[in-house]
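**Student:** Letter by letter, the chains look like this.
Number of protein chains: 2
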Amino acid sequence: MKYQAIARDLKQKIDQGLFRPGERLPSVRSLSGRLDVSVSTVVAAYQLLEQERHIEARAKSGFYVGPKSLIRPTLPPKVKSLRPARLSISDHIADIFANTRNDQYTHFDLALPQRECQPQTALKTSSNRVLRQQFPQTLLMSTSPGIPELRRLLAQRLLSGGCLVSPEQIVITNGCQEALMLSLQAVCSPGDLVAVESPCYYGFLLAIESLGLKVVNIATDPQHGLDLNALEDAAKQWPIKACICTANFNNPTGGLMNDESKRELLNLAERNNFVVIEDDILGELHHEGSRPSSLKAFDHQERVIYCSSLSKSLSPGLRLGWVVAGAYQSQIIERQLANSSGTASFPQLLAAEYLKSGHFDKHLARVRPLYQNNLERALNVIQNSFPEGTRATQPAGGFLIWVALPKKINALDLFELARAHNICFLPGVVFGRQHFKRCLRLSFVSGAGVCCNRAV
Amino acid sequence: MKYQAIARDLKQKIDQGLFRPGERLPSVRSLSGRLDVSVSTVVAAYQLLEQERHIEARAKSGFYVGPKSLIRPTLPPKVKSLRPARLSISDHIADIFANTRNDQYTHFDLALPQRECQPQTALKTSSNRVLRQQFPQTLLMSTSPGIPELRRLLAQRLLSGGCLVSPEQIVITNGCQEALMLSLQAVCSPGDLVAVESPCYYGFLLAIESLGLKVVNIATDPQHGLDLNALEDAAKQWPIKACICTANFNNPTGGLMNDESKRELLNLAERNNFVVIEDDILGELHHEGSRPSSLKAFDHQERVIYCSSLSKSLSPGLRLGWVVAGAYQSQIIERQLANSSGTASFPQLLAAEYLKSGHFDKHLARVRPLYQNNLERALNVIQNSFPEGTRATQPAGGFLIWVALPKKINALDLFELARAHNICFLPGVVFGRQHFKRCLRLSFVSGAGVCCNRAV
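These protein sequences, in sequence, are chains A and B. Take 1 as the starting number for the first sequence in my numbering and just add one per residue. Take 1001 as the starting number for the second sequence in my numbering and just add one per residue.
Source of the hints: derived by calculation from the structure; they are not laboratory data. Wrong hints could be hidden among the right ones.
[Stated by the list, open to error] Over 10 Å on every C-beta distance to chain A, these chain B residues come out as not near it, computed from the model:
1. Y1003
2. E1023
3. S1038
4. G1066
5. R1115
6. S1166
7. S1290
8. E1416
9. H1421
[What the hints assert, rightly or not] Heads up, simulated BS3-like pairs for lysine-lysine below, C-alpha to C-alpha not over 27 Å straight-line:
10. A/K407 <-> A/K362
11. B/K1241 <-> B/K1214
12. B/K1214 <-> B/K1437
13. A/K356 <-> B/K1124
14. A/K437 <-> A/K408
15. A/K214 <-> B/K1124
16. B/K1356 <-> A/K214
17. B/K1356 <-> A/K241
18. A/K124 <-> B/K1124
19. B/K1356 <-> A/K124
20. A/K60 <-> A/K13
[Said to hold, decoys possible] Counterexamples of contact, computed for chain B against chain A with all Cβ distances above 10 Å:
21. A1005
22. R1029
23. Q1104
24. S1313
25. R1391
All values reported here derive from a predicted model rather than from experimental measurement. Don't be surprised by glycine CBs; every beta carbon is placed ideally from N, CA and C.
Can you make the complete structure from the sequences, with help from the hints?
**Tutor:** In structure tokens form, the structure reads like this:
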């Protein structure tokens, strides 16, 4: 489309320094004249750039280059879609985990809100209210699909991501990890092929390995998310059964797919007959503007199984996730009865009480700028103190930065060295099988950005 | 062994009415003379019968026939070890569950302590204490293997079943179901053969089906548990990878293996090189005497993976189980990271606080006679009101009765009929694939025995 080409050109020019951060872009009318295209094409191009957080609209003033283009995000070492392979990553990850769960450490590895980024007072109030008003109920078993009131309140929340689902379509799970595991079980049989973004959250890789599935690595842009051409190529070559996609703020890169790409992904899935398993766990943690749409919002063919949780946005101690599985729902419930029976009662009742209290939006409004600020400070430190040649992503949501070090540095060596100084981060290798040796993921979830000089 | 033969003979005589319930048995010395065996052989025979709850010792008075031999437990329809088969039981079970979770029903189907059989006050006190003293900690994520203090306290509890394990050997799980699922995943690959008691808890069958394993049904005696000859035959015939065994109060039959059989099971496993996955979830709920030993207590070769939970003995709302996996521990932790990451924090902290309070033994001392009394009343009703030819088990622990109806009655038809009258129980078919059409499981967990006339 013409507007996409114009947006791409403009983006390139901005990156090349034609327009600097904070500078005003040409008015829609003037650019329309200069490029000899319609006003609406320019508007569409600007809106696309805005959606991708490169530029921002200011009321009655026009469009400006975003403030955050200080460091140009870079593609990680380019990933080709390798032959589908079985994984053996779990030893590695269990080992890293066993050696990093230590209170003495400074944690840039934990992608979970610590106490000060959780609504402690409100959660305590809700806890007390549950104990006072619903106490004996907290002692009763809750089996799959979970407590109706919580399912109702979560269905309400999904509206913000553009999903209109009924409470009956929601199954409460033991965190997003169980949601993902059940989704894979429902869709795939051992030996089946699952496409993942590369890099992707290591929990996906653990689940794929555990179920005896094979992985197909698809390149993903650290800023714009899944490379759809690479996915289409892979899907033509191999019988992909499912694709796990974190369209909103990929973990570890923070990449964000725009609405157009989201629609196109679903068309691609339709053409190639695979299921999209969406991980939307960071969807509520956009830094500015409105919440990005979930893939599920564009799903008219029941192609998307939606997974999320309250672990990142509210509290990881609850271990509450959920899955909207559409046609696969009854299989998900059967699998959950086999897997864990269901989730504990108290966390469900607490979450329902908290969601009903109406504090959640206020809490999110508080932490979003906090995370944004953390990342900006961290990026400054990276720019000023990391070795020449370091590249880093600048996510528009969440609290993670994906860093590519200069060629001479191996992130796994650095990991050992840092740990010897009681500093932890996650080396790139846990996010993909054989790539990302120079990469690392830094988490700035709890204002730790202030100490990040110590990280190298 | 001679004492076993004597015990078997005596048991037969008791069943045939030679000695009636409550009557005193011959003194050790006189029987020794009459049978021309040593005193110690008679003592061993009496102790075996006592362990199996047929007779009881009274201080300074001798041995008496137990009061509960009113209805003779009967073998359920004899199960042959059929060719190993894949299961398709989950639809059936999910369907039954979906249609029985209704507050309007009288529940003889739920094998879970309801409010009045949980230590409500103490749990509330502990809950409040956790919120007051450990509050922000409840918000933090707990990943596998779980919170150290709870692991320590559970390791202490395992001593009562004769297991000496260190806290580090315990992995906290989302109920016993996840413990079992992870154990099967650690030991088996898709297509492998798993031996189960027939009948057995339907959750085992769900897990086996979900993992693509094949089941080998082994006959189990409703009173004495797993038929070791049948298991040995099956193990010679097929390459069994694991055997799931509920040695202490089988669900649904209530069968209890004696220590000799437990030892022999482990020898058998050693000879045939399979792993024993022990479900000891009802082990603490013996009605009288001391807690029966767990299989794990006799395990000197790391052949047993021990699974249990607090759901039956304390509160199902916590959804807290655990697994002692020995050589398989690191695999279990890896699998759990993939499966659910771990369990919610609040239930773990609450359970630890409760266990530390020292109330658990008092609570168990309160509910054990309650369950025993429930079962006795229920058995009287069954004897007096169920059709001629009905057989029922008389477990020495737990709160379940396994009933075999006369031949003309199909339990699934009765299930539909009862449900139309808002009464629920579990039909026998959910405890085994093609057997037990005349059987049903009745649960008398919360004094519901008083209404059990309405059940037929």
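**Student:** If a hint holds in the structure, say so; if it does not, say that too.
**Tutor:** Going down the list of hints, with the structure as the test:
1. Y1003: 42 Å, holds
2. E1023: Fine: 42 Å to the nearest Cβ keeps B/E1023 off the interface.
3. S1038: 51 Å, holds
4. G1066: Per Cβ check, B/G1066 is outside 10 Å of chain A; nearest 33 Å; holds.
5. R1115: Label violated. Min Cβ-Cβ 4 Å, cutoff 10 Å.
6. S1166: Holds: least Cβ distance 16 Å, greater than 10 Å.
7. S1290: 28 Å, holds
8. E1416: 21 Å, holds
9. H1421: 23 Å, holds
10. A/K407 <-> A/K362: 43 Å, violated
11. B/K1241 <-> B/K1214: 10 Å, holds
12. B/K1214 <-> B/K1437: It holds: about 22 Å lies between the C-alpha atoms, which stays within 27 Å.
13. A/K356 <-> B/K1124: Holds: A/K356 and B/K1124 sit about 23 Å apart, inside 27 Å.
14. A/K437 <-> A/K408: 11 Å, holds
15. A/K214 <-> B/K1124: 47 Å, violated
16. B/K1356 <-> A/K214: 46 Å, violated
17. B/K1356 <-> A/K241: 49 Å, violated
18. A/K124 <-> B/K1124: Holds, at about 15 Å.
19. B/K1356 <-> A/K124: Judged against 27 Å, a Cα distance of about 23 Å means the pair holds.
20. A/K60 <-> A/K13: This hinted pair holds, its Cα atoms lying about 24 Å apart.
21. A1005: 43 Å, holds
22. R1029: 52 Å, holds
23. Q1104: Non-interface label on B/Q1104 holds, nearest chain A Cβ at 15 Å vs cutoff 10 Å.
24. S1313: Since the minimum Cβ distance to chain A is about 13 Å, B/S1313 lies beyond 10 Å and the statement holds.
25. R1391: Holds, since 30 Å exceeds 10 Å.
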